[in-house]
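Asker: When you get a sec, could you build the whole thing from the sequences and use the hints?
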Amino acid sequence: MNGFLALLYKELLRFWKVAVQTVVAPVVTALLYLLIFSHVLEAHIEVYPGVSYTQFLVPGLVMMSMLQNAFSNSSSSLIQSKLTGNIVFVLLPPLSYLQFFSAYLIAAIVRGLVVGLGVWVVTLGFGTPSVPHPGWLLAFSLLACGLMGALGTMAGIWAEKYDQLAAFQNFLILPLTFLSGVFYSIHSLPAFWQTVSHWNPVFYMIDGFRYAFLGQSDVAPGFGLLVVAGSFVAISALSLLMLKSGYKLRH
Amino acid sequence: MNPGAAAISVQGLSKRFRTTQALDGVSLDIQPGEFFGLLGPNGAGKTTLISILAGLTRADAGYAAIMGHEVVRDYRQARRALGVVPQELVYDPFFNVRETLRIQSGYFGLRHNDGWIDEIMHHLDLTPHADKNTQNLSGGMKRRLLVAQALVHKPPVIVLDEPTAGVDVDLRRSLWEFISRLNREGHTVLLTTHYLEEAQALCGRIAMLKAGRIVACDTTRNLLHHANEHCAALRLASAPPAAWTERLQALPDGGWRFNFSDFSELEALLAAVRSAGGQVTEMQLIEADLEDVFTDIMKRA
Chain D
1 MNGFLALLYK
11 ELLRFWKVAV
21 QTVVAPVVTA
31 LLYLLIFSHV
41 LEAHIEVYPG
51 VSYTQFLVPG
61 LVMMSMLQNA
71 FSNSSSSLIQ
81 SKLTGNIVFV
91 LLPPLSYLQF
101 FSAYLIAAIV
111 RGLVVGLGVW
121 VVTLGFGTPS
131 VPHPGWLLAF
141 SLLACGLMGA
151 LGTMAGIWAE
161 KYDQLAAFQN
171 FLILPLTFLS
181 GVFYSIHSLP
191 AFWQTVSHWN
201 PVFYMIDGFR
211 YAFLGQSDVA
221 PGFGLLVVAG
231 SFVAISALSL
241 LMLKSGYKLR
251 H
Chain H
1001 MNPGAAAISV
1011 QGLSKRFRTT
1021 QALDGVSLDI
1031 QPGEFFGLLG
1041 PNGAGKTTLI
1051 SILAGLTRAD
1061 AGYAAIMGHE
1071 VVRDYRQARR
1081 ALGVVPQELV
1091 YDPFFNVRET
1101 LRIQSGYFGL
1111 RHNDGWIDEI
1121 MHHLDLTPHA
1131 DKNTQNLSGG
1141 MKRRLLVAQA
1151 LVHKPPVIVL
1161 DEPTAGVDVD
1171 LRRSLWEFIS
1181 RLNREGHTVL
1191 LTTHYLEEAQ
1201 ALCGRIAMLK
1211 AGRIVACDTT
1221 RNLLHHANEH
1231 CAALRLASAP
1241 PAAWTERLQA
1251 LPDGGWRFNF
1261 SDFSELEALL
1271 AAVRSAGGQV
1281 TEMQLIEADL
1291 EDVFTDIMKR
1301 A
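Protein chains in written order, with our numbering: chain D, 1 to 251; chain H, 1001 to 1301.
Quick caveat, the hints were computed from the structure, so don't treat them as lab data.
None of the values given here were measured: they were computed from a predicted structure.
Hints are all accurate, no fakes.
Lysine-lysine pairs mimicking BS3-like chemistry, simulated, CA-CA at most 25 Å apart:
1. D:K161 <-> D:K248
2. D:K248 <-> D:K82
3. H:K1132 <-> D:K82
4. H:K1132 <-> D:K17
5. H:K1142 <-> D:K17
6. D:K82 <-> H:K1142
Answerer: Encoded structure:
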């Protein structure tokens, strides 16, 4: 196998060995959100005509779980390796920065997809909508997980302590995901916050992913995909630049 | 590999970390097959030099190459030719010993490496621990695993950064047996250590670093001669000849200490004792060891 495949294998094996924590736990969390929010709001909210609140919520929850787990896969793997010092095991071999980046990226995407699939499966009993547009589903899933995996790589390289990474997660990732319309349509927001939401790439991920299920969305899925793809390319390029320069890895 | 290239070549290497000049124009060539020692007090720049060779640190100025491959521009060939045992006792707690070695082989693009993995595990007494998670290994076992990881790709150049710090006598012995064997088979070895008797016993050539500069670099034999002082402890049947009393120091046990730089001086002393009708009842030669040389060079540098 070439170095890239070995690193990918190691990254996959790493999260799979602690699957209770990396896959089961986020699925349970998503299930709790679903139980509570659908119980409280089902009777009160109809975001799109003919679509129940649970049907509206499930795609958002699946996407949110994918995003958070894709991010945390690359970021936590890197910060752990840096803090324990075993990052040298991947810095000493002849791996190129592109191989390095791709391995962490793909592992993050796989973890995101596995968790997303898990969340989708456990929500099946709640009247989960079917998927009339699987192409959009695949495109949004891959690009969104990729974007978060690349962002996680950046955060993992940048952070020198766990609390710096936690700050990144709590003050950037969490607000972006929660304020993206997972639990509501942004059309229910005041005009100012609607405008703000349009600057949040996560909004487009949730919205486009939801389109794949419901055939309805706040913005056109093609435009959404363009925004997500653009953000993915930008973050990946930045992350690659960091790796190429050896920023915080090769002093 | 570039034929005729030095195993490790370093020219005018400098590196500054904020306020400290870790390396200050270091030049050094280590030939293939050498067992080379790099000595120096803490903070002398030994680990910085190794980190630059390994690509973990980037030099501010100068040139560094492994088997003729410059460590930044030709990093793939340079790293393929180099096996590094880091100083810190690091391990990845997600994996067991065999997984660790297989994954490490994979990073070097080696797919079917189990034969060699079994062999290094055998030589380092890791075989009984093959399926143990790395976090359940003792410190000595973790050290062995680090050595094994550095060797998975059979690198022609092996760098060991204080591999025996905090390691018991048994492991030290088996480790040096194995490394010496690899050296006899043609691997170049660069070693840093604080145990000077180890360096003296193993290394054919030694460089001493102080404050980022090389202050001595010679064969171990020459360095030991460099002390230039021999010393004999004598016990005489009667008082020493009057002409020699100035050169002799009385020892607490009633014997005499004689410092000399050439053995002819010792012969002259013995002849004088004999012609004065005296007799040497006991004599012991005390040779300088690397520790004396090291202390001396560090003091003067």
